[in-house]
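Chemist: For the sequence shown, position 75 matches number 75 in the working numbering, and the numbering has no gaps at all.
Incorrect hints may appear among the rest.
[To be verified] Mimicking BS3-like on lysine-lysine, the simulated pairs with C-alpha atoms at most 25 Å apart in a straight line are:
no., residue 1, residue 2
1, Lys-27, Lys-16
2, Lys-27, Lys-3
3, Lys-16, Lys-3
4, Lys-9, Lys-84
No lab work stands behind these hints, which were simulated from the structure alone.
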Amino acid sequence: MTKQDLEIKTQDGSAKARLFRPAAPAKAGIILYMDIFGPRPALDQMAERLAGHGYAVLVPDLFYRYVPYGPFDPKTAFAEEKSKAALLMLSGGTTQGMT
């Protein structure tokens, strides 16, 4: 399995992403969308597991328009007002059409 950091050029900036590839040719490709907490080790672990089963997996940073942000701890992020407000701004400012 290989992991590659990418920058994808878009009309409104450069979106960072990670691409996980299996050792053998991929069966298919998967886009693993992040949740509100953004890219983090837990998503990398999920992508690694999928790559281990033969899939190429792309994990894009959907909040790239707002960098820098985070990191956010999923266990405490909504308990702290500052991080909660930041998360709500990021999620509210990213429409489905932007993804």
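Chemist: Does each hint fit the structure? Answer for all of them.
Modeler: Hints, one by one, checked against the model:
1. Lys-27 to Lys-16: 24 Å, holds
2. Lys-27 to Lys-3: 17 Å, holds
3. Lys-16 to Lys-3: 13 Å, holds
4. Lys-9 to Lys-84: Violated, because 29 Å separates the two Cα atoms, which is more than 25 Å.
Checked against the numbered hints given earlier, the structure breaks only hint 4 and satisfies all the rest.
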